[in-house]
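Chemist: Construct the entire structure; sequences and hints are all you get.
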Amino acid sequence: MKFLGKNLNNPLVLASGVLGNNKEILERVHKNGCGLVTMKSIGPAPRDGHKNPTVIDLGHGMINAVGLPTPGYAHMEEEWKALEKRNFPLNASIYGGSVKEYQAVAQFVTAKNPDFIEINISCPNSEEHGMIFGVNEKSAFDVVAAVKKVIDQPLIAKLTPQAPDIAKIAKACEDAGADAICAINTAGPGMVIDIEAQMPILAFKKGGLSGPMIKPIAIRCVYDIYKAVSIPIIGLGGVTTGEDAVEMIMAGASLVGIGSGVRYRGINIFNQVNQELNSWLTTHGTTLDKIRGAAHKTNCFQESAQ
Amino acid sequence: MKPVTDQTPIMLKLAHKRIDSANFATLFFDYSLDFKPGQFVMIWIPGMDEKPYTISHHNKSRFGITIEAKGLFSKKAVAMEEGDLMGFRGPFGNGFHTISSSNIAVVAGGCGMAPLAPLVETLDRDIIFIHGARSKEFLLYRHRFDIQRQICTDDGSQGHKGFVTDLLEKEIINRKKTDKQPLEMVYTCGPEIMMHRVFLLCESFDIPCQVSLERYMRCGFGVCGACVCGEQVVCKDGPVFDSKRLRTMDDFNKIALLKSGKPVNMDQYFSWRCQS
Ligand SMILES: Cc1cc2nc3c(=O)[nH]c(=O)nc-3n(C[C@H](O)[C@H](O)[C@H](O)COP(=O)(O)O)c2cc1C
Ligand code: FES
Numbered sequence: 580m581k582f583l584g585k586n587l588n589n590p591l592v593l594a595s596g597v598l599g600n601n602k603e604i605l606e607r608v609h610k611n612g613c614g615l616v617t618m619k620s621i622g623p624a625p626r627d628g629h630k631n632p633t634v635i636d637l638g639h640g641m642i643n644a645v646g647l648p649t650p651g652y653a654h655m656e657e658e659w660k661a662l663e664k665r666n667f668p669l670n671a672s673i674y675g676g677s678v679k680e681y682q683a684v685a686q687f688v689t690a691k692n693p694d695f696i697e698i699n700i701s702c703p704n705s706e707e708h709g710m711i712f713g714v715n716e717k718s719a720f721d722v723v724a725a726v727k728k729v730i731d732q733p734l735i736a737k738l739t740p741q742a743p744d745i746a747k748i749a750k751a752c753e754d755a756g757a758d759a760i761c762a763i764n765t766a767g768p769g770m771v772i773d774i775e776a777q778m779p780i781l782a783f784k785k786g787g788l789s790g791p792m793i794k795p796i797a798i799r800c801v802y803d804i805y806k807a808v809s810i811p812i813i814g815l816g817g818v819t820t821g822e823d824a825v826e827m828i829m830a831g832a833s834l835v836g837i838g839s840g841v842r843y844r845g846i847n848i849f850n851q852v853n854q855e856l857n858s859w860l861t862t863h864g865t866t867l868d869k870i871r872g873a874a875h876k877t878n879c880f881q882e883s884a885q
Numbered sequence: 044m045k046p047v048t049d050q051t052p053i054m055l056k057l058a059h060k061r062i063d064s065a066n067f068a069t070l071f072f073d074y075s076l077d078f079k080p081g082q083f084v085m086i087w088i089p090g091m092d093e094k095p096y097t098i099s100h101h102n103k104s105r106f107g108i109t110i111e112a113k114g115l116f117s118k119k120a121v122a123m124e125e126g127d128l129m130g131f132r133g134p135f136g137n138g139f140h141t142i143s144s145s146n147i148a149v150v151a152g153g154c155g156m157a158p159l160a161p162l163v164e165t166l167d168r169d170i171i172f173i174h175g176a177r178s179k180e181f182l183l184y185r186h187r188f189d190i191q192r193q194i195c196t197d198d199g200s201q202g203h204k205g206f207v208t209d210l211l212e213k214e215i216i217n218r219k220k221t222d223k224q225p226l227e228m229v230y231t232c233g234p235e236i237m238m239h240r241v242f243l244l245c246e247s248f249d250i251p252c253q254v255s256l257e258r259y260m261r262c263g264f265g266v267c268g269a270c271v272c273g274e275q276v277v278c279k280d281g282p283v284f285d286s287k288r289l290r291t292m293d294d295f296n297k298i299a300l301l302k303s304g305k306p307v308n309m310d311q312y313f314s315w316r317c318q319s
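For the protein sequence lines, the chains are A and B, in the order given.
Heads up: the first sequence begins at 580 in the working numbering, then just goes up one per residue.
Heads up: the second sequence begins at 44 in the working numbering, then just goes up one per residue.
Heads up, a few of these hints could be off.
As the list claims (entries may be wrong) - Below, simulated PhoX-like cross-link-like pairs (lysine-lysine); rule was C-alpha separation at most 20 Å, straight line:
(1) K630(A) x K219(B)
(2) K660(A) x K297(B)
(3) K630(A) x K297(B)
(4) K119(B) x K630(A)
(5) K806(A) x K876(A)
(6) K297(B) x K220(B)
(7) K103(B) x K630(A)
As the list claims (entries may be wrong) - Computed beta-carbon distance windows for the label pairs:
(8) L115(B) x K876(A): 28 to 36 Å
(9) K610(A) x D77(B): 27 to 35 Å
(10) G90(B) x K585(A): 44 to 52 Å
(11) W315(B) x L637(A): 28 to 36 Å
(12) N692(A) x T165(B): 47 to 55 Å
(13) K213(B) x L637(A): 22 to 30 Å
(14) T865(A) x I142(B): 24 to 32 Å
(15) A65(B) x E657(A): 53 to 61 Å
It is worth saying that the hints were derived from the structure and are not from the lab.
Ideal placement from N, C-alpha and C gives every residue a C-beta, glycine not left out.
Modeler: The following block contains the structure:
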């Protein structure tokens with residue numbers, strides 16, 4: 580299938596921050612049935628991330644405050660060299676603490692020839708008292724426009740469900756030149772307290788929620804975004820089965836991301852979800868293109884009310 | 044009480060602390076842990092950090108963890124007092140694949156003895172058991188097993204002065220000369236450079252081996268990617284890897300990731316690990 584002019588084996592995407600720490604593991608995920616693999620978000624300077632505990636499984640999903648660890652874009656020479664000779668499509672995720680930082684990372688990364696550049700705008704803006712870029716239309720617009728100017732690849736804007744109206748943010752990103760939207764990043768933030776220790780379990784105290792428990796939020800976000808923009812959407816959040824993927828596509832997604840699902844079904848989850856998705860399409864005698872956005876059809880009740 | 048699982052940590056009371064030597068202490072918890080030798084748990088000291096440790100003692104009602112006091116976390120851990128609470132998640136990882144035979148060698152180096160000890164307790168009593176350490180003081184569990192042990196130290200303060208591989212090679216060659224059955228499996232844990240040497244030695248004599256690797260970890264269940272070694276996810280696919288797998292792992296004894304995700308050589312990796 581084609582996505583923004585590039586060939587992908589299938590509509591599945593590896594979420595940023597899940598496994599994607601080196602070329603070998605990205606390649607393994609690709610070989611296990613993932614159409615497009617995303618690197619862990621690359622930041623402007625070396626960063627260790629938060630102290631452990633950073634990732635805790637809650638049964639119905641997980642909470643994490645990994646804290647955006649990164650070697651820093653300029654300290655990854657060997658990684659970039661290895662990735663030059665890849666035989667799979669690559670999505671490079673980037674972040675920054677200011678528009679300038681995003682631009683600096685983007686300028687460097689674009690020269691390394693990934694197939695797509697995804698900008699993670701769920702980060703606090705140090706110039707705006709730590710307000711998250713992705714919760715405000717103007718700051719989302721500014722950062723997307725600034726990055727778009729300096730890159731050669733299609734730009735994917737990765738949105739946070741913390742935005743009061745995610746559809747408006749998506750529209751601002753489209754207006755600023757984004758070629759696609761990826762939604763959603765982790766939900767929350769949430770907190771889990773251990774009552775014996777009388778302390779939040781995460782060292783950072785608060786963390787983002789992911790996995791099955793956030794799927795309804797992700798579906799709603801993708802549904803709202805689909806109404807607001809005409810660029811394609813990577814629907815992400817809580818997908819673990821082929822039927823979840825169908826649901827995401829019916830909400831309006833062109834591609835479907837999987838992150839936490841790797842925890843529940845292993846790396847082979849991509850092959851499994853592809854198979855389940857295809858068999859669902861076959862038994863229903865339909866295609867991806869036909870079901871995309873299917874949930875937006877006006878229903879009988881609305882029609883008769885009109 | 045909720046059971047210890049691979050989800051939210053469960054707090055357990057330190058039941059007993061045993062000082063093993065100037066450098067090691069073993070912490071015991073009265074809990075029946077469902078566990079296979081070679082697996083690990085994530086130990087949480089609230090307000091401090093969370094780190095992976097292998098189980099060194101295990102029976103139906105109790106398990107123990109042996110800790111070398113070298114960094115901030117491990118010093119805090121060995122300073123815990125009976126009755127203090129620690130959080131547990133796990134067990135994680137695959138554990139050793141055990142076979143029933145007496146033609147087995149177990150090769151332990153330094154604190155690599157900890158994960159091997161519960162394995163040894165499930166094996167035949169006439170296995171070959173090689174135990175090395177920097178010096179006499181770093182030899183763990185000197186009176187624990189009623190299995191004959193071949194000892195070596197870097198400084199010669201006890202046993203053979205030299206490497207565990209000297210003793211292993213001698214054993215392999217001896218068996219050839221005397222028409223004894225060749226070794227069918229070598230289990231090893233210790234410094235990665237030592238395990239690498241054991242692996243190469245086994246390869247040259249066509250003996251299968253299993254090694255237990257260590258990498259910086261966050262989730263413990265194969266999602267965050269902190270622990271990747273090439274295409275292998277150490278917390279999930281490992282920590283125990285067999286010869287067949289090791290042959291494909293170019294990063295074995297070469298590359299490990301720092302907390303930032305930066306790949307570095309093993310010297311840089313261990314000098315960072317020893318401080319944290
Ligand atoms: C451990 C972990 C680390 C993550 N790191 C990043 C990251 O670096 N950049 C990013 O854009 N999203 C990151 N995410 C969010 C995921 O990419 C994804 O948006 C979210 O987890 C929802 O999808 P899921 O329910 O399939 O996991 C991370 C998620 C997890 C669980
Ligand atoms: S520690 Fe997270 S993948 Fe291994």
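Chemist: For which of the previously enumerated hints does the structure constitute a violation, in increasing order of number?
Modeler: Numbers 1, 3, 6, 7, 8, 13, 14, 15 - these are the hints that the structure violates, sorted from lowest upward.
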